[in-house]
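Listed in order, the protein sequences are those of chains Y and R.
If you want the working numbering, it's the position in the first sequence, counting the first as 1, plus 249.
If you want the working numbering, it's the position in the second sequence, counting the first as 1, plus 1033.
Please note: incorrect hints may appear among the correct ones.
[To be verified] Computed list of lysine-lysine pairs in DSSO-like fashion (alpha-carbon distance at most 30 Å, straight line):
(1) R:K1105 to Y:K441
(2) Y:K540 to Y:K476
(3) R:K1107 to R:K1150
(4) Y:K311 to R:K1095
(5) R:K1099 to Y:K442
(6) R:K1035 to R:K1150
(7) R:K1099 to Y:K430
(8) Y:K430 to R:K1142
(9) Y:K540 to R:K1036
(10) R:K1105 to Y:K388
(11) R:K1105 to Y:K430
(12) Y:K262 to R:K1099
(13) Y:K441 to Y:K577
(14) R:K1035 to Y:K430
(15) Y:K378 to R:K1105
(16) Y:K430 to R:K1095
(17) Y:K434 to R:K1105
(18) R:K1051 to Y:K378
(19) Y:K476 to Y:K434
(20) R:K1099 to Y:K422
(21) Y:K442 to R:K1051
(22) Y:K388 to R:K1150
Hints listed in this document are in silico derivations from the structure and should not be mistaken for laboratory results.
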Amino acid sequence: MNGAQAMVKCLEKEGVEMIFGYPGVAICPFYDSVLDSGIRPILIRTEQNAAHAASGMARVTKKVGVCAVTSGPGATNLITGIATAFADSIPLVCITGQVNSELIGSDVFQEADITGAAESFVKYSYLVKNADDIPRIFKEAFYIANTGRKGPVLIDVPVDVQNAELKKFEYPKTVSMRTYKPTVKGHAVQIKKVMAELEKAKRPVICAGGGVLLSDAQKMLRDFSHKYQVPVVTTMMGIGSMQTEDEMYFGMVGNNGAPCANRAMSEADMVIMIGARVADRAVNQPEIITKDKVLVHMDVDPAEIGKNAGPTIPLVGDARHIFEDMMKLEICCEHSLWVQTLYEYRQTMKEKRVPDPAFIDPVAFVHTLSDKMERNGIYVADVGQNQIWSCRNCLVRDGSFLTSGGMGTMGYSIPAAMGAKLGQPDRQVVAVCGDGSFQMSMMELATMRQHNVPVKIVVMANKYLGMVREFQQNTYHGRYCAVDLSGSPDLSKIAEAYKVRFLRLSDPDKMQETIDEFLRDDDSVLMECVINPMDTVK
Amino acid sequence: MKKIYSVLVENHSGVLCKVAGLFSRRAFNIDSLVVGETDDPTVSCMTIVSSGDLHTLEQIEKQLNKKLDVIKVKTFEESDSISRELMLVKVRYNRGNRRDIMEICGILKAQIVDMSKTQMMIQLCDVPERIQLFLKMLQSISIVEVARTGTVALPKCHDQEG
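For reference, chain Y alone in the conformation it holds in the complex:
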């Protein structure tokens, strides 16, 4: 067995069914071996999207997403995708081909120091020097990617190592690394302290982040919130951890969040951050959650605790384990007055928008679309105004809401939606992007066509890079620079070129029926939703 065959065997041992990637000479031995396996190679149209697609798949299946690309430009193109996954703690194993070991460092054709270049965006990286190390390295890589604080792991494999014969293939059963032992179980004393504080608290609030979804603790969060009457808000990455219509859910926090969610955070006397890293977009002034209140910060990554806000009670552990342990402690809580106050805020602090009747109102659109989606549908939002409208107005029931929260990578939605659909073909998947982000990933319509991935795509078309335009309007007094998207293609022609059904929604009176038509059948549809170019999120 050679290195390439061993790599494929390792993927099979890990239960990998699909890889996203783009071949080239330096990864060809591996791709050749893929042919002899049950693994399905999905040819994406640019490497960055391989990582996004693997990310979409990982987020819905809870398994490690895998991508494989060639050396040099293939590897460097992957970096933005890796960084996107890293920022959102998504487990990926990214395999890159590398030039012949003996030539490393001599700047030969398509050589790039990818482990060096990607260092600050990966949880860990390997440059494989010996084919016999392949089984151990792959075992470790999958383990590292999907445990503790999850994240991408890079494996760079020189082409000669792929071609070298292994002495013996033996896939390790366990991982033993003296340097890596993540803490998942919360400290019992700290957990008791949290519950004691909760018993005393008059106005507690839980702020749930992406960590809750990553550890699959949604149900426990919901049970906990109801059992102890603790209202919940989420960060952008935490959307979907509570059902949007749950009476104990008060929306997303942050600059772009719901006013009542922010008010809940600032008026609370106890804030429980769980699986959230107190990032600037969610909590732009850390004093808000530390001053005059008890801050409990629970995270699986000890380095996040105290990084941006000093907590009263730090608690290292995985959300699921922590909830499990907290639920075992019986305490008496009475927060009905506080919950009542928040209900009032939710009623009275509604956004006041005056939609332009000549265009589709994005707020009403997102609401209607998500309401009509299947209960367990997957809504993938891109980056830009569409993301903010989506975050604030998307109804999530038993489904998922995916977006690039940390890195804010435009073009994420289409490949991620594709990966999600391939991972869970029975669920309805809708990608919502803007006309800017669509053009960053529209080449993937070919991948969808080729591999028959029926993703539904909405393009909120305003002929602008809307988010930046809005920023320039507010901050630079309307001096617009490089935000005009004239020159954009006729989307109906694009759809036709890729043999995808096309719908245009421009008449608000036809919104219901057009969305029904869009969601009917499990088939790819591209829908252009015409919104007012000057519409704003604020």
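Given the coordinates of chain Y, work out where chain R should sit on it, guided by the hints.
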């Protein structure tokens, strides 16, 4: 505020780069960084001296611990540790200042390790402050070049209980 980090790491290629990269990526200071193999050839010890506020110093420790090639991080203040630095200084001398130089060496226990007709090389191994002091004393004399190792340190000895 200064802190010394004694960091045991896997003795692989690229680990120094990863640790140094962490400091630059997060804008942490490195006052000095020394790496050497330990008694176990698979383990290297990095002694890093850094300065910053309390929050930064705590973050450095957490971020170091997060690196997968880091086996163990020990931190200590200068006062809890024995720290040493080695310095080699080459100076130009003449009949007029030779005695002064030797006197300074005598007081600070530095050794003259090499000599020519016009230059001498002095070695001093001491705590960082005394190295600094020695350099200051030599300032009036013409220094040709200086090489310093940076600080190595270990926590003070304690009898283990039990």
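So, going through the hints one by one against the coordinates:
For the hint linking R:K1105 to Y:K441, the alpha-carbon distance of about 29 Å falls within 30 Å, and the restraint holds. Our distance criterion of 30 Å between C-alpha atoms is met by Y:K540 and Y:K476, whose separation comes to about 27 Å. Note on R:K1107 and R:K1150: the hinted pairing is violated, with a Cα-Cα distance of about 46 Å set against a maximum of 30 Å. A hinted pair counts as satisfied when its Cα atoms are at most 30 Å apart, and Y:K311 with R:K1095 qualifies at roughly 27 Å.
The hinted pair formed by R:K1099 and Y:K442 meets the criterion: a straight-line CA distance of about 26 Å does not exceed 30 Å. Restraint check for R:K1035 and R:K1150: the C-alpha separation of about 41 Å exceeds 30 Å, so the hint is violated. Proximity of R:K1099 to Y:K430 is assessed by CA-CA distance (about 10 Å); at most 30 Å being required, the pair is judged to hold. Only pairs whose Cα atoms come within 30 Å are accepted, and Y:K430 paired with R:K1142 is rejected, the gap being roughly 47 Å.
Taking the CA atoms of Y:K540 and R:K1036, the gap is near 29 Å; set against the 30 Å cutoff, the hint holds. At roughly 23 Å between alpha-carbon atoms, R:K1105 and Y:K388 fall within 30 Å of each other, so this suggested pair holds. Between R:K1105 and Y:K430 the CA atoms are separated by roughly 12 Å; this keeps the pair inside 30 Å, and the hint holds. Restraint check for Y:K262 and R:K1099: the C-alpha separation of about 28 Å stays at or below 30 Å, so the hint holds.
With a C-alpha separation of about 10 Å, the suggested pairing of Y:K441 with Y:K577 holds against the 30 Å cut-off. Taking the CA atoms of R:K1035 and Y:K430, the gap is near 29 Å; set against the 30 Å cutoff, the hint holds. Annotation: proposed proximity of Y:K378 to R:K1105 holds, straight-line Cα distance about 26 Å (limit 30 Å). Annotation: proposed proximity of Y:K430 to R:K1095 holds, straight-line Cα distance about 14 Å (limit 30 Å).
Proximity of Y:K434 to R:K1105 is assessed by CA-CA distance (about 21 Å); at most 30 Å being required, the pair is judged to hold. Annotation: proposed proximity of R:K1051 to Y:K378 holds, straight-line Cα distance about 18 Å (limit 30 Å). With a C-alpha separation of about 22 Å, the suggested pairing of Y:K476 with Y:K434 holds against the 30 Å cut-off. The straight-line distance between the Cα atoms of R:K1099 and Y:K422 is roughly 24 Å, inside the 30 Å bound, and the hint therefore holds.
This hinted pair does not check out: Y:K442 and R:K1051 have alpha carbons roughly 37 Å apart, beyond 30 Å. A threshold of 30 Å between alpha carbons decides the hint, and for Y:K388 with R:K1150 the separation of about 63 Å lies outside it, so the pair is violated.
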